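Student: Sequence:
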Amino acid sequence: MSLDTLNNGDSGLEARTKLNAAVAAIIAEAATREAADTILQSDISGRAYTYHSHDLSQIRGSGATTGQVLTWSGASWAPATPAAAGTPPLPRGYLSGFKMTYNNSYLVDISAGVCRDSTDTENITMAAGITKNIGVNFSPGTGNGGCLPGISYGLPTIISVWVIYIPGFGTADVIFADSTSEIHGYSPYTKTRRIGWLYVSSLTAITPFTQQGDQVILNSGASSADLSITMTSNTDTPITLPAPPNTDVMMRVYASSTSGAFKIRLDPTSVTFPAAPTADTCTMAAPGGTVVSNNHLNLMTDASSKIHAMSSGGSNLVLKLTVRGWNDPRGRED
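Per this note's numbering, the sequence shown runs over residues 180 to 513.
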């Protein structure tokens with residue numbers, strides 16, 4: 180209400196009366212607004228509204244700071260800072276990075292990487308690359324030992340390579356174990372994931388290799404003299420390869436016979452052989468006479484790194500195998 184309206188031809192007394200009434204109305208309106216604020220503050224501290232309408236400018240929280248929101252505890256409302264969004268879990272079996280590189284005869288470099296741990300409960304991040312020594316007991320940090328204490332290696336052998344992680348601290352490192360050990364924690368590193376294999380002839384003699392993705396190529400054969408097996412015709416012969424267990428192994432196969440035609444069949448141990456290799460099942464064959472034959476083959480090893488072979492024919496038949504590398508899913512147990 181304006182003063183012009185108040186003084187619209189009225190006498191002094193009437194004007195003052197109207198003015199007093201207008202002032203009282205203004206005071207009452209201010210009190211009503213303040214009461215609404217007080218009601219809002221007290222009510223939202225004690226109960227949840229099903230419906231209430233207020234202008235946003237009326238909502239004020241005692242003690243609140245910029246960026247906070249009202250949160251309901253189940254008993255009262257209070258200002259709080261929203262929780263930061265956590266890192267979402269990686270897909271089961273996920274792995275990126277952790278590439279191994281031959282450094283020298285006893286050191287291996289492992290690049291930075293991220294993966295899901297072997298129990299599918301934790302993301303593992305190694306923010307920087309690391310170099311570890313295969314012949315010295317584990318000590319945290321790059322350039323230090325990586326051998327799991329208490330492990331005894333029969334040499335030459337396959338060594339498993341694991342990333343280990345301390346949840347809550349973001350601390351990752353790398354440790355080595357034998358080919359049969361499953362590393363499910365090395366205190367205080369409680370989360371782990373296998374990231375590769377190494378072939379070593381001694382703890383100061385890593386066989387040089389090149390890794391590209393999941394494929395590892397040995398720069399020289401896993402054994403310089405190869406594996407040499409004298410075959411007995413029509414006999415199932417298990418062969419332990421110098422290669423990782425449960426892995427698709429690449430090898431060169433060579434056979435010789437002093438006389439007579441021969442056939443050789445090689446398969447994973449899970450495959451049952453017929454009574455003798457036939458022309459349509461053999462891995463390699465050669466005609467009569469003094470014979471030399473060779474081939475390249477990929478086969479899956481079993482949990483003991485074995486395959487098996489059977490031959491027929493030939494005289495003084497010798498089978499030789501050279502492991503050239505492997506295709507390793509690196510802990511993806513799908």
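Since the hints were made in silico from the structure, they are not lab data.
All values derive from a computational prediction rather than experimental measurement.
Worth double-checking, as some hints may not be accurate.
Said to hold, decoys possible - Straight-line distance between alpha carbons at most 30 Å, and here's what the computed DSS-like set of lysine-lysine pairs gives:
hint	residue 1	residue 2
1	K485	K278
2	K499	K485
3	K278	K370
Student: All hints are to be evaluated individually against the structure, with a verdict given for each.
Tutor: Verification of the supplied hints:
Between K485 and K278 the alpha-carbon distance is near 26 Å, which keeps this suggested pair within the 30 Å criterion. Between the alpha carbons of K499 and K485 the distance comes to roughly 15 Å, so the proposed pair stays at or under 30 Å and holds. Between the alpha carbons of K278 and K370 the distance comes to roughly 19 Å, so the proposed pair stays at or under 30 Å and holds.
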